[in-house]
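Chemist: Residue numbers (the working numbering), protein chains in the order written: chain A, 1 to 380; chain B, 1001 to 1329; chain C, 2001 to 2674.
These are computed hints drawn from the structure, not numbers from a lab. Check before you lean on any hint, since a few could be wrong.
[To be verified] Computed list of lysine-lysine pairs in DSBU-like fashion (alpha-carbon distance at most 30 Å, straight line): (1) Lys1076/B <-> Lys2053/C; (2) Lys2038/C <-> Lys105/A; (3) Lys105/A <-> Lys2450/C; (4) Lys2085/C <-> Lys2053/C; (5) Lys2592/C <-> Lys2607/C; (6) Lys2038/C <-> Lys2592/C; (7) Lys1192/B <-> Lys2514/C; (8) Lys2264/C <-> Lys105/A; (9) Lys2267/C <-> Lys2247/C; (10) Lys96/A <-> Lys2514/C; (11) Lys2264/C <-> Lys1073/B; (12) Lys96/A <-> Lys2264/C.
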Amino acid sequence: MAIATDAGSVPGAPIADAQRVFVASQWQLMWWRFRKHRLAVASGIVVAGFYLVVLGADFLAYSDPLASEAQRSLMPPQPIRWFHDGRLRPHVYGFKGARDPLTFKRVYQPDPGQKIPVRFFAQGFEYRFLGLIPTSRHLVGVDPGRDASVTLFLLGTDVQGRDLWSRLMYGTRISLTIGLLGVGLSLVLGVVLGGFSGFYGGAIDTVIQRVIEILRSIPTIPLWMGLAAALPRDWSILQVYFAITIIISLLGWTELARVIRGRFLALREEDFVVSARLVGCSQMRTIFVHMVPSFMSHIIAAATLALPAMIISETALSFLGLGLRPPAISWGVLLQQAQNVQTVAISPWLMIPAIPVIVAVMAFNFLGDGLRDAADPYGR
Amino acid sequence: MLAYIGRRALLAVFTVWAISVLSFVIIQLPPGDYVSSYIAQMASMGSVVSDEEAQNLRIQYGLGQPIYVQYWKWMKQIAEGNFGFSMEWRRPVTEVIGERLWLTVVVAVAALLLTWVLALPIGIYSAVRQYSLGDYLATFIGFIGLAVPNFLLALVLLYLGFTLFDAHIGGLFSPELQDAPWSLARAWDLCKHLPIPALILGLAGTAQQIRIMRANLLDELRRPYVVTARSKGLSEPRVIVKYPVRMALNPFASTIGYTLPFIVSGSIIVSLVLGLPTVGPLLLRALISQDMFLAGTIVLLLGVMTVIGTLISDILLVWIDPRIRLEDT
Amino acid sequence: MKTRTFRFKLTIALVAGALTCGAAAAIAQNAGKSLIGKLEGPEVVTDPAKFPKTFKEAPQLAALVKAGKLPPVAERIGQDPLVIKPLHEVGKYGGMWRAGFTGPADFWNGFRCCSGPDHLMFWDYTGDKVVPNLAKGLEMQDGGRAWLIHLRRGMKWSDGKPFTADDFVFWFEDVYQNKDLVPVPSAAMAINGKPGVVEKVDTYTVRFKFPEPYTMFPDVLAGSTDLAGQMQGWRALGGFAPAHYMKQFHPKYVSQAELDRKAKEAKFDSWVRMFLFKNDWALNPELPVLSAWKTVTPINTPTWTLERNPYSIFVDTAGNQLPYIDKVVLTLAENLEVINLRAIAGEYDYASRHMDLGKLPVFLENQKRGNYKVYLDPGDYCDLIIKFNLNYDADPEIGKLFNTADFRRALSLGIDRDQINETFWLGTGTPGSMVPVDTNKYNPGPQYRKLWATYDVKKANEMLDKIGLAKKDAEGYRLRADGKGRLRIEIMTLGGQFVQYTQISEMIREQWKKIGIDLTVQEVERSLALQRTANNEQQLAAWNNDGSEHLFTFPVHVFPFVLADVATSGPLYVKWFHSAGAQGKEPEPRMKELMEKWKKAFGVSEKERIQLGKDIWRIEAEEVYIIGVVGQGPASMGVRVVKTNLGNIPSRMYNSPDGKTPGISRPVTFYWKN
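Sequences and hints are given; from them, build the entire structure.
Modeler: Dropping the structure here:
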């Protein structure tokens, strides 16, 4: 590793701790550099928040995301009213709903006389937290004796009367985990193929490069469609889910492979690699013990940047009807159900799931940018 | 130089062939064929097609033969300039695609131009005022384009266009000029309809270009010659624009090759939502009904466009920057 | 995740919801009525004494007559015009009708709006009586064994050549009997499996002769069957064809070599493909037609244009040659949202096909702005049905259950139809069994609407317990009787249809949890659906039963009738039915009884036929081979958007595929008021 010649050339390092810079580890330097990119730090917090939702989806939801009720169809979001008689007593109003005979819209009248207190960390349906601990506590709920699933609708309901908030929580879980799996797969493919390409060069390199070029030249949508349409239709939702991640990552690895190949090519001629070979390290050892750690940070950055592409691919595929299908819930499924004129015109709250998509994609992008900037703390 | 071009061209031809095989395979992947799709369509409209009729149709369309035979026939036809017959549209594929292909290109180019118009200034500003509030804000806006699900955005814009501006729903032409022969009026009509599709399509690519512009310019701005220029007293704008920006533009050339197909591919969904007469909706439909020749031809054409684009941009890059040529094995 | 306590609370909530629901449903029923008008429509005048004596024509045609390019109007119409009394008033000539279509597969769109219709006989506006249409009259002979079709004297094809019995003979001898063009004979041309023949009596008279009485022949001519005119041209059926034009594409009149050369030149794979293409009303602008409008730019282009037929025999009571409207322009909209949005924006003058009931509030909101009015035309049939594949044998236990009447009945009782009606029909449908509307002549009685078609979870659970499915697993789902674990059944649905099958099936899945049935919903592509039904792999299927109100001309989804279908009740039974027992599997007694009655009806008196029809529906309702969910709704082409200044628009139309709605309301009489 190249050592900085003066403290001032490492951005973000406190000048007074010039000595610290010399003994600081690579990771510490990266952290200092990363910290400077405020947006990236904020994004990191947002991303962490998302994954907390993934873990605690059951905790955050308060309704069965699949329970339908026609009399609650297309309810607008129910605002929580925080004060009652001057004191802090969060509650929501009860409601009465009917279909307007003239406009055919479902109209809901909030009933101020019916105040339903909202409790935090309340009892609700039972579930297993993290799949292990049986509990029935939820973030939001109502008094015992009442049922949150018929009284609380923080983000409104969809056509079938299902609570949007709860569906969004579960949808977040699936969308973000698909992303992880997909990226993981792309990573493996990218590192292996890009690595071979860069390290060995020659014929292997040419072949892999050509394959990458061919894959990148094919318009992705037909490829997805063809592959997705070939999936046996009697596969369960879970199997389709995995197949979709595999399909998406089959195309996503090309970018990673290119980056990694570039890195390998650059590093091949470095002194430390040559000396490792000279000393007698096997190729495997050279690659994995010496070379890979030096661009681990690049890999992390590239992976983080690949995630938003996964999320967007999933929404696109679901829109085409090729991705996840109901009863599975994901951001793509939720958006697909909002993709119609009557939603835009009359029930726009059903488009709310677009917000977490936008936020997640942007957060991942900024985080990835920050990581990439920090990936080489000695460089520019 | 010539050897390099020659090598790349040869490789391009090979790539095109590989794409043709892949496209054909993809089309054939879903179970069933055009006839089964057709029968299902008839059934859903109450018309009944018997087993024998179906068999007849299969023989007539040559669907019963093994896949490599069908592929070979297709290749032979293409060599003769005949791209096959679309079973759904009952017309030669070339007629069905007709105008749509180059309309697709027009929309894609418009989106590309819009991307550059947005990305360049934002990228330059970002690089010059790194880590400032303006930098963050500008990047933020640029990235929103990437993040917003464009099909939803398309539908929302379509609806807003109608409610707020009484705009005609979708399409690239007003109904009167839809089938009219080309004229100045028609061209102007097209231009009037382009902004919304170009905007939706271009937004996604903007983020990428901003990043690249920013990164490249940052690299350039740190170079010694910039310090020299400043110390010699050149005004700041001139310092930035005269050399660094032009240097930073180089990689843009290389991105044309990949941005164009990216936009074309992305335009498939948006075209569907907006009802544009481009290749996208046609392709989707053909894939679903397994209209083999139509789908295969479109995918092949899109692939060829990509390869040509890549080839051109590679050559461009080599011509500009000789170091690449030397690095390439 | 869910425990019994949660489910219990949910049940309470849902019961409470259901009670409020009942009240709301009552209100909603009445709500629908404000957009549903009174059934009305133009009538065909059959009394020759009331025919107009002089004729008038559209100005542009008059100009052509003056220039000597067209014969005068009286000559074009002939001596026996088809006189239609417009619904409200005599109209004015002129204008264009704009609408949308979704692609070359959407040819029904044009047949429905613009063909006239061109059946030989057709329905009156109630959809009940058969009246003469292109044929002047129909005469029964020999107890129904022969039917004389009287053609209109002087009637001509759209290119001026006479329409005579020769066109029928050509069709029967050269087209219908050519095995390349028609590989399988049509069931409409046979009675009790015995085929009939077509003979020429004189220039304007044709005889269809059958070996046994074929009393239903008039209905067959009126319905959307194989003998329904040029709509069937692309399949080489229809009963007649323009001989003078089609002869040039037929090997009997042109040498095979010459024909093959022509086909190759025109880029067709074979002469058969070319013949069928040339005989296609929507694809070939040069095809001579008898319809009111004819194709000018074909359906496989972005704009399907139809213009008035100068030789149209349709006239109004004042002698004006119809249609009033000059041109129909259908523009391509490849996406259902776009086509609906265009209708909402008022870009279409009359649209009912592809209009989504779920968007009704948006349509209503924009009426003023778009200058149109919204009508609802409920059908007489059951909108949503769920079919059991009675021949399913891949899993013997499930096959056995499907063939157990009480299993089917219990599943039917486990569906909360009111919920489905409210959510997907916006309350405008009628929850119930699959029998057609009470006023339909084959309806067996009002009590059959609710038979096995109420929401009775308790009874359903009892019935399922009794047939050996009493054991349940930890999550409350019933276990199979053969010890192989949980009972799981599957329903197949198609996306992108007029009815939201997949979402509705998901709702049913949630509802059937309460009776312990685990349902998997599989949305498939059309071609895959076909494959699976043909391979007997389908278990349950959700579909639509439009047309079934015309039980005898449209039995497709009443009992196993067609093999190549997206939803089947039993492919082996279909084979048995059509091969008179030689192939397939013999159905159980009641199904067999149903099939015999259906066959018998074609050769008996009207009174007997009605009784047979009632028996058939009674058996259906009692056995629940097919579950009816919501019916008599406007989901399938029942949302009508019409510009306010179009005249002669009925306040309610008979909505049916047999009626080719809006064809049954004679769009030839629609006109622009200003």
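Chemist: Taking the hints in turn, state whether each one holds.
Modeler: Status of the hints after comparison with the structure:
Between the alpha carbons of Lys1076/B and Lys2053/C the distance comes to roughly 64 Å, so the proposed pair goes past 30 Å and is violated. Only pairs whose Cα atoms come within 30 Å are accepted, and Lys2038/C paired with Lys105/A is accepted, the gap being roughly 24 Å. For the suggested pair Lys105/A and Lys2450/C, the alpha carbons sit about 28 Å apart, so the restraint of at most 30 Å is met. About 15 Å separates the Cα atoms of Lys2085/C and Lys2053/C, which keeps this hinted pair within 30 Å; it holds.
Proximity of Lys2592/C to Lys2607/C is assessed by CA-CA distance (about 22 Å); at most 30 Å being required, the pair is judged to hold. For the given pair, Lys2038/C sits about 39 Å from Lys2592/C by alpha-carbon distance, which is inconsistent with the 30 Å threshold. For the hint linking Lys1192/B to Lys2514/C, the alpha-carbon distance of about 56 Å lies beyond 30 Å, and the restraint is violated. For the hint pairing Lys2264/C with Lys105/A, the CA-to-CA distance comes to about 57 Å; that exceeds 30 Å, so the pair is violated.
The hinted pair formed by Lys2267/C and Lys2247/C meets the criterion: a straight-line CA distance of about 19 Å does not exceed 30 Å. With a C-alpha separation of about 26 Å, the suggested pairing of Lys96/A with Lys2514/C holds against the 30 Å cut-off. Taking the CA atoms of Lys2264/C and Lys1073/B, the gap is near 16 Å; set against the 30 Å cutoff, the hint holds. Restraint check: the Cα-Cα separation between Lys96/A and Lys2264/C comes to about 69 Å, which exceeds 30 Å; the hinted pair is violated.
The structure fails to meet hints 1, 6, 7, 8, 12 from the earlier list, while all remaining hints are met.
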